[in-house]
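Undergrad: Which chain is which? The protein sequence lines are Y and C, in order. Remember, the working numbering sits 4 above the position in the first sequence when you count from 1. Remember, the working numbering sits 34 above the position in the second sequence when you count from 1.
Careful, some of the hints might be misleading.
[What the hints assert, rightly or not] Pulled a few chain Y residues facing chain C out of the computed Cβ check, cut under 7 Å:
id	residue
1	MET199
2	GLY376
3	ASN389
4	LEU425
5	GLN442
6	GLN451
7	VAL457
No lab work stands behind these hints, which were simulated from the structure alone. Every residue, glycine too, gets a C-beta built ideally from N, C-alpha and C.
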Amino acid sequence: MDMPAPSIDVLNRKSRIVERLKNALSAEHVKSDPVETRAYECDALTAYACQPLCVVLPGSTGEVAEALRICSEERVPVVPRGSGTSLAGGALPTSDCVVLGVSRMSRILEVDYASRCIRVEAGRTNLSVTGAVQEDGFFYAPDPSSQLACAIAGNIAMNAGGAHCLKYGVTTNNLLGLTMVTMDGSVVEIGGAHMDASGYDWLGLVCGSEGQLGVVTEATLRILPRPEGARPMLIGFASPEVAGACVSDIIRAGVLPVAIEYMDRKVIEVVESFSQAGYPDCEALLIVEVEGSPAEIDDQLGVIGNIARRHDPIELREARDADEAARIWLGRKSAFGAMGKLNDYICLDGTIPVSELPGVLKRIGALSRQYGLDVGNVFHAGDGNMHPLILFNANSSGELETCEALGAEILKLCVEAGGCLTGEHGVGIEKRDLMHVQFDPVDLEAQMNVKDVLDPAWLLNPAKVFPLSETASRRAAA
Amino acid sequence: MLSPSDERELAEAVSGATGPLAVRGGGTRRVGHPVDGDDLTVAGLSGVTFYEPGALTLVARAGTPLAQVETMLAAEGQMLAFEPMDHRKLLGTSGEPTIGGTVAANASGPRRVRAGACRDFLLGVRFVDGRGRVIKNGGRVMKNVTGYDLVRLMAGSRGTLGVLSEVCLKVLPRPESTAVLLLAGLDVEVAVRAMSASLNSPYEVSGAAHVPVGLDGDPVTMIRLEGFEASVAYRVERLRDRLAEFGPAGIERRTEGPESATAGWAWIRDVEAHGGTGEDVWRFSIPPRDAPALVESLGDARVVLDWGGGLVWAAVEQGRDARRSLSCGHATIIRADDETRNRLGVFQPEAEPLASFAEGLRRKFDPEGILNPGLMG
Chain Y
5 MDMPAPSIDV LNRKSRIVER LKNALSAEHV KSDPVETRAY ECDALTAYAC QPLCVVLPGS
65 TGEVAEALRI CSEERVPVVP RGSGTSLAGG ALPTSDCVVL GVSRMSRILE VDYASRCIRV
125 EAGRTNLSVT GAVQEDGFFY APDPSSQLAC AIAGNIAMNA GGAHCLKYGV TTNNLLGLTM
185 VTMDGSVVEI GGAHMDASGY DWLGLVCGSE GQLGVVTEAT LRILPRPEGA RPMLIGFASP
245 EVAGACVSDI IRAGVLPVAI EYMDRKVIEV VESFSQAGYP DCEALLIVEV EGSPAEIDDQ
305 LGVIGNIARR HDPIELREAR DADEAARIWL GRKSAFGAMG KLNDYICLDG TIPVSELPGV
365 LKRIGALSRQ YGLDVGNVFH AGDGNMHPLI LFNANSSGEL ETCEALGAEI LKLCVEAGGC
425 LTGEHGVGIE KRDLMHVQFD PVDLEAQMNV KDVLDPAWLL NPAKVFPLSE TASRRAAA
Chain C
35 MLSPSDEREL AEAVSGATGP LAVRGGGTRR VGHPVDGDDL TVAGLSGVTF YEPGALTLVA
95 RAGTPLAQVE TMLAAEGQML AFEPMDHRKL LGTSGEPTIG GTVAANASGP RRVRAGACRD
155 FLLGVRFVDG RGRVIKNGGR VMKNVTGYDL VRLMAGSRGT LGVLSEVCLK VLPRPESTAV
215 LLLAGLDVEV AVRAMSASLN SPYEVSGAAH VPVGLDGDPV TMIRLEGFEA SVAYRVERLR
275 DRLAEFGPAG IERRTEGPES ATAGWAWIRD VEAHGGTGED VWRFSIPPRD APALVESLGD
335 ARVVLDWGGG LVWAAVEQGR DARRSLSCGH ATIIRADDET RNRLGVFQPE AEPLASFAEG
395 LRRKFDPEGI LNPGLMG
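One chain only, chain Y, in its complex shape (with noise of 0.2 Å):
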C-alpha cells in the first residue's frame, strides 16, 4: 500500500509546529514523543502504521478551531481521529502529518425526547449515546461492531452501519446536525433538531466523507423508542446458495426483520470451538431478528418459518426465552475475535444486491481456492452486506500480499454483479486504490471537486478515499 512520501519541509519544521500547538492547547494535549505518539500509528487495519509529526487532543471545538487554524498556516496534512477502530485505515497516519483525536470531547450536551434527538460531543462512543438514554427507553440505532470503542466522529466520517440497519438505517439516515470545523478553522453549524435541510444536503455529504471535509466536533443525532422486545431465530441450511435464496424471498414477503446475519460453515465451526453457541452442523446459518410485542414476534417469526422451510432447512430454532436468544446471537457477536484466534484476517467490505447473494456467495468460494486462502463469511444478508474474512498468516512472507490480491478480486465481483466496494466501512487507503473499478474518472473528479470547494488545499486527510495518481497534482499543489 503506497503512502505519498513526507514533506520533507514539514517534518524539517517540526519543533516550530509542535510548539504552536502546545501554545494553542495545553502542552499535555500535544504529544510528539514517539514513545506517547506510538498508539496512535494505526487504526484497527493494523497491517499498516505509521508514527506521525505529533498528535493534538483538544477538548472543545474552539481548540479543534485553532489546532487546524495552525496546521492550515503550517500547510501540515491533518489527520482525523475518532477512537481509532477503522477496518480501512481511515485513520492512518503520515510521518508528516498531525494527527487530530476527538476522544477527549465525550460529553452529552442536551437530551430531548420532546424532539427525539440528543446532542453529543463527536468523541462519545457510539455505545454510551444509548446509554445516555436507555434508561428512560430510547437508544441510538446504528449499532457497528465496534460500538463499544468507536466514535460518533468516526461513525459520521464512514457513515457506519450495523446489524440492525436493515430496519433502522445507517448513520446518515440517523443524523440531524453536526458542527464540523473546516481545515481553515471555520466553525460550521449544520441541521439541528429539526427532520430536514433548506439548502443543499451538507449532513448527507459530509457524512461518509471520511474526515477530508471537515473534523466534527459535536452531534445531533436521532433517537428511537426501544421496542417492546425482539427475538432471534436461527436456520441452518444445506448450502450457501439456498440460504441466499431464504434471505430473498424473507426481504420479498413484506416482512421487515431487524436484522438477517449470515456464517457459513467455516465460521460456524469456528465459533463453534470458540464460544460454544450450540450452533447446527450446516453449510450456512442465518440469524433471523424481529421486534414488537410477544404476539407480534410470534407472527413474525411464524410467517419467517414458514418461509424457510419451503428451503428444506437443517434446522430450524426460535429462541423461546432471553437466555437462548442471547445464545443464538453469541456466536455471531464473538465470530471476528474468534476468527482473530485462528489466523490473521482482512475483512472485506463488499455490498450486492440480495439477489445476487447465491451467485456471490459460489464465486467466492472458487476465487478461494484459486488463490489458496481460505474464506470465512459472516455478515449482514438483509442489506446484503457482504463480510468476507480473509485468512493468511503474517509472519509468511508474501500472504499478505496475495490475500490483498484476492480481496481485491472479491471486491471487483462485487461491484460486476451490481454492488459495490463498501457498504459500511469506508475506503479509506484500503479500497483507495480500486475506486476506477466502480467509478468511472469523471465520478471521481465531481466528488473530488466537493473537496476542492470545503478544503481547497487539500490538507485533511489527503491520502485516502481517491487513488493516489488522481489527487497527485491537488496534493502538490498544497
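Mind docking chain C on chain Y? Use the hints.
TA: Chain C only, in chain Y's frame:
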C-alpha cells in the same frame, strides 16, 4: 423548449446551451425563485429500467411519471415509503409529477417522521452537470459508503447542480393494514404533547399530524399505525390506552382500498387545507418541541402540523414575513407572488461559510451558471 429523450441528448442539450436553462420534470412543484431561461424538461427520459421486488429496489429514468412508479409498485404490494407529496392542489399547477422532480425537491410526506425522507430512500443517481458531464454516484445496494455521497447532495438540490437522468430508490412493502387514532378538540400545545407521546411509544407510529381546524371545523389530531393486521389491531389498542389522558380516541381502520384512513393522510400530505386560497403558504421545518411557540407566534395564520409538529404549513396573509416567527430550523415560501418571494427570499438564508460552500459547489458543477440560476437564492 428542450426535451431530450435520453441521457446522451440531455448531455448535449446542456453542453450546447447558450444561456440559462429552467430545468424541470413535470413542472408541478414550482418552488423557488423564478428562473429566466429556456425550458429544459426531462419528461422525455421516461420508464422504469429495473425493478426487483425481492431486492426492494427500483431504477427509473428521471422523467418517469410518479404515478407510473407507484402503480407498478402497488402491483407487487410495495410502495415509496417516504410518501411523496403532490404539490398540484396547493400550488394550482397541472401536469404530471415525475420521479426526478420528486427527488430534486426531496419531497417527503407524513411517513417521513418514522421511515425517513426521500433522500433516505435514494440509493443512486445519474445526472448531467452544468459542464455536460454525465456523473453517477451511489448504486442500487442498500448500504454504500464508496466515495462521497453525491446521492444525497442531489436530493433537494432542485436542478441547480445537475439535471437528474436516472434515480435508484429503495422501496418497502405496502402495509397490509392501517389504523388511525383520532383525538378531538386538542389545542396545539396539548396536541404536540399527544403526538410526542405517540411517537415516543414503542408502537411504531408512522404518521402524527394535527389540524386546529379540521374538515368539520374542530381540532383533530391524527396518529397512524401500519403493518400486519393483527399487529396493528394490538398496537392501536395499546396506544389508545397510553393516550387516555388526552381524551377518548376514535379509531379508523383500513385493511384494503383507499378509504377514509388513507384519504385523510393524502389530505395532510398534500396540504389540501391550504389549496385554492389566496394566502401565502409557508413551510416550517422545526424541532417538534418548538411547534406550539411557532404557531402562537404566527397568530391568526391557518396551520397544518405534520411530523409530530416538526413540519408546520402556515397560510398567512399575502406579503407578510412569517420567517420572523421562526426561532430554530428553517422557513420556506411555498406559495406567494414574485414580489414577496424576491423581497423575503424563498429559502432560509444560509449562514457562512455554508453560503460560500454552496456557491463554490455551483461553480464546480455549473461554472457558467446555466442550471436553474438563482432558483435557490
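Undergrad: Now tell me if each hint is right for this structure.
TA: Results for each hint:
1. MET199: At about 5 Å, which falls below the 7 Å cut-off, the nearest Cβ of chain C leaves the hint on MET199/Y intact, so it holds.
2. GLY376: violated (28 Å)
3. ASN389: holds (5 Å)
4. LEU425: holds (5 Å)
5. GLN442: Since the shortest Cβ distance to chain C is 6 Å, the answer is holds.
6. GLN451: holds (4 Å)
7. VAL457: holds (4 Å)
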